[in-house]
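2 protein chains.
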Amino acid sequence: MTETKVERPIILVTNDDGITAPGIHSLVNAVKDLGDVVVVAPDKPQSGMGHAITIGVPLRLNKVKDFFEGAEAWQTNGTPVDCVKLAVDKILHRKPDICLSGINHGANHSINVIYSGTMSAAMEASIESIPSIGFSLLDYSIDADFSAAEFYVHKIVQSVMKMNLDKHFLLNVNIPAVPLDLMNGIKVCKQAYAKYDEDFDERLDPHGRKYYWLTGEFKNFDTGEDTDVWALEHNYVSVVPVHFDLTNYKLKKDLEQNWDIL
Amino acid sequence: MTETKVERPIILVTNDDGITAPGIHSLVNAVKDLGDVVVVAPDKPQSGMGHAITIGVPLRLNKVKDFFEGAEAWQTNGTPVDCVKLAVDKILHRKPDICLSGINHGANHSINVIYSGTMSAAMEASIESIPSIGFSLLDYSIDADFSAAEFYVHKIVQSVMKMNLDKHFLLNVNIPAVPLDLMNGIKVCKQAYAKYDEDFDERLDPHGRKYYWLTGEFKNFDTGEDTDVWALEHNYVSVVPVHFDLTNYKLKKDLEQNWDIL
Chain A
0 MTETKVERPI
10 ILVTNDDGIT
20 APGIHSLVNA
30 VKDLGDVVVV
40 APDKPQSGMG
50 HAITIGVPLR
60 LNKVKDFFEG
70 AEAWQTNGTP
80 VDCVKLAVDK
90 ILHRKPDICL
100 SGINHGANHS
110 INVIYSGTMS
120 AAMEASIESI
130 PSIGFSLLDY
140 SIDADFSAAE
150 FYVHKIVQSV
160 MKMNLDKHFL
170 LNVNIPAVPL
180 DLMNGIKVCK
190 QAYAKYDEDF
200 DERLDPHGRK
210 YYWLTGEFKN
220 FDTGEDTDVW
230 ALEHNYVSVV
240 PVHFDLTNYK
250 LKKDLEQNWD
260 IL
Chain B
0 MTETKVERPI
10 ILVTNDDGIT
20 APGIHSLVNA
30 VKDLGDVVVV
40 APDKPQSGMG
50 HAITIGVPLR
60 LNKVKDFFEG
70 AEAWQTNGTP
80 VDCVKLAVDK
90 ILHRKPDICL
100 SGINHGANHS
110 INVIYSGTMS
120 AAMEASIESI
130 PSIGFSLLDY
140 SIDADFSAAE
150 FYVHKIVQSV
160 MKMNLDKHFL
170 LNVNIPAVPL
180 DLMNGIKVCK
190 QAYAKYDEDF
200 DERLDPHGRK
210 YYWLTGEFKN
220 FDTGEDTDVW
230 ALEHNYVSVV
240 PVHFDLTNYK
250 LKKDLEQNWD
260 IL
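Heads up: the sequence lines are chains A and B, in that order.
Numbered by numbering that gives the first Met the number 0, the letters in the first sequence go through residues 0 to 261 in order.
Numbered by numbering that gives the first Met the number 0, the letters in the second sequence go through residues 0 to 261 in order.
Hint data in this document are derived by calculation from the structure and do not stem from the laboratory.
In this text, all values refer to a predicted model and were calculated from it rather than measured experimentally.
Do not take every clue at face value.
For identical chains, the list gives no copy identity; a pair is met inside one copy or between any two copies.
[Said to hold, decoys possible] SDA-like, lysine to any residue: derived pairs with alpha carbons at most 20 Å apart:
#  : residue 1 : residue 2
1  : K43       : G55
2  : K166      : L250
3  : K251      : N61
4  : K43       : P57
5  : K43       : V56
6  : K249      : Y192
7  : K94       : F199
8  : K154      : L179
9  : K43       : L164
10 : K89       : D200
11 : K161      : F150
12 : K252      : F217
13 : K166      : F220
The following block holds chain A by itself, in its conformation from the complex (with noise of 0.2 Å):
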């Protein structure tokens, strides 16, 4: 008789809060019964890098012992997109199964997966042929409850491990911030044109220079019921598959058969 050795699944979990956000200690409860978690994230809040990755600087790769129950954990001076390279390349010499970022505090909908380092992180495990989710609680506060989010964390990661998925799968969650006997359920959406409409603060320092602080209006210009935006305000917990194909085939092809200087 052959003795079958059954390997869990190697989860590697990220995110953009930095390793001491309450919601990337969510992340992990929320998975943990589902494989082997390895936590690789960043020392410091990284709300707003976007895509960026570090090419200035070294980076810095620690092991922090006894900070997840249940979990391995590294931290890095580096972008949530060098958390997952390096997680591939220096920790784990192989691609994980799946990569979770997140649980970030606050909403990554919309035209927000373009700016937020949590999607980030999950759109280059993405681009590494790693299936990839990112997760966020419409919920900007350090004290914000979490138990609504892992329990749909928890049932949409466990659902997704047992597809058979394509190596680009990625999705971007976002899960409204009421009690779950609020929540009407889990809705594919597409992303909505909504929008910060910016604005900036503009104050004078104690040398007389202006100086800008970047604020801004949310606003939604989208009015389908088809979208992230609408899902949430629904108290659905919205779910929009991502791709990172940026092309705009119908311009493509608008430009293919008009355009004169071709």
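Once you've looked at the hints, dock chain B against the given chain A.
Same frame as chain A, now just chain B:
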């Protein structure tokens, strides 16, 4: 008889290599006859910043005098995306007619559209309903020859400014590093699935602690002849129409029909 004042279009120019980079001077040279050029660029190199925005530190914005022939210029400590936001909100007080980003020192074809500060600035403009184009030359060197690039930048911008443009019109233009007489013209393409196969150069600092430099080898995994990488290898200027809707509609439909947790 009423006098008609003909307003020249306003052309916003930015980049990610910083205001002192030769590429942005070539871009201004190439288009200054087509409108009133206003430069708002980072005060230092910002390559690889992706769609990063500055939220943790205040932004500075200073006028630069006598730096560009035939163009007003401003520099900021922000990212390329911040430059676009500041230009619209604090300098122009209106949307420019077009935003041009570059000319980047180095390729931004294929997957690099996601990491590129050059393209992120252009995409930010597109999100803000400003038609926009990012330009990159396939030569990283400080003394790169931009003369053929200037020819094609002028040709493309002049042609685009005559079109009836969608407000989110966005192109990613890459230019081979060859003399004008070896160019084969302009080709509209899709984004290739080609990327850097990353590696980290591991070293020890004087205190015996490890640090890492991100390195990597560029690999094209896409055999199509309709991609930007193919076009550039065959001495065409590649034009990829880009959009910021990252929804994967194929996977959306598939999940909507088959996912048992919905």
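Hints, verified against the model:
{"no.": "1", "hint": "K43 to G55", "verdict": "both (18 Å within a copy, 12 Å between copies)"}
{"no.": "2", "hint": "K166 to L250", "verdict": "between (27 Å within a copy, 12 Å between copies)"}
{"no.": "3", "hint": "K251 to N61", "verdict": "neither (46 Å within a copy, 38 Å between copies)"}
{"no.": "4", "hint": "K43 to P57", "verdict": "both (16 Å within a copy, 18 Å between copies)"}
{"no.": "5", "hint": "K43 to V56", "verdict": "both (16 Å within a copy, 15 Å between copies)"}
{"no.": "6", "hint": "K249 to Y192", "verdict": "both (18 Å within a copy, 19 Å between copies)"}
{"no.": "7", "hint": "K94 to F199", "verdict": "between (42 Å within a copy, 16 Å between copies)"}
{"no.": "8", "hint": "K154 to L179", "verdict": "within (13 Å within a copy, 57 Å between copies)"}
{"no.": "9", "hint": "K43 to L164", "verdict": "neither (32 Å within a copy, 42 Å between copies)"}
{"no.": "10", "hint": "K89 to D200", "verdict": "between (42 Å within a copy, 10 Å between copies)"}
{"no.": "11", "hint": "K161 to F150", "verdict": "within (17 Å within a copy, 54 Å between copies)"}
{"no.": "12", "hint": "K252 to F217", "verdict": "neither (33 Å within a copy, 28 Å between copies)"}
{"no.": "13", "hint": "K166 to F220", "verdict": "between (33 Å within a copy, 14 Å between copies)"}
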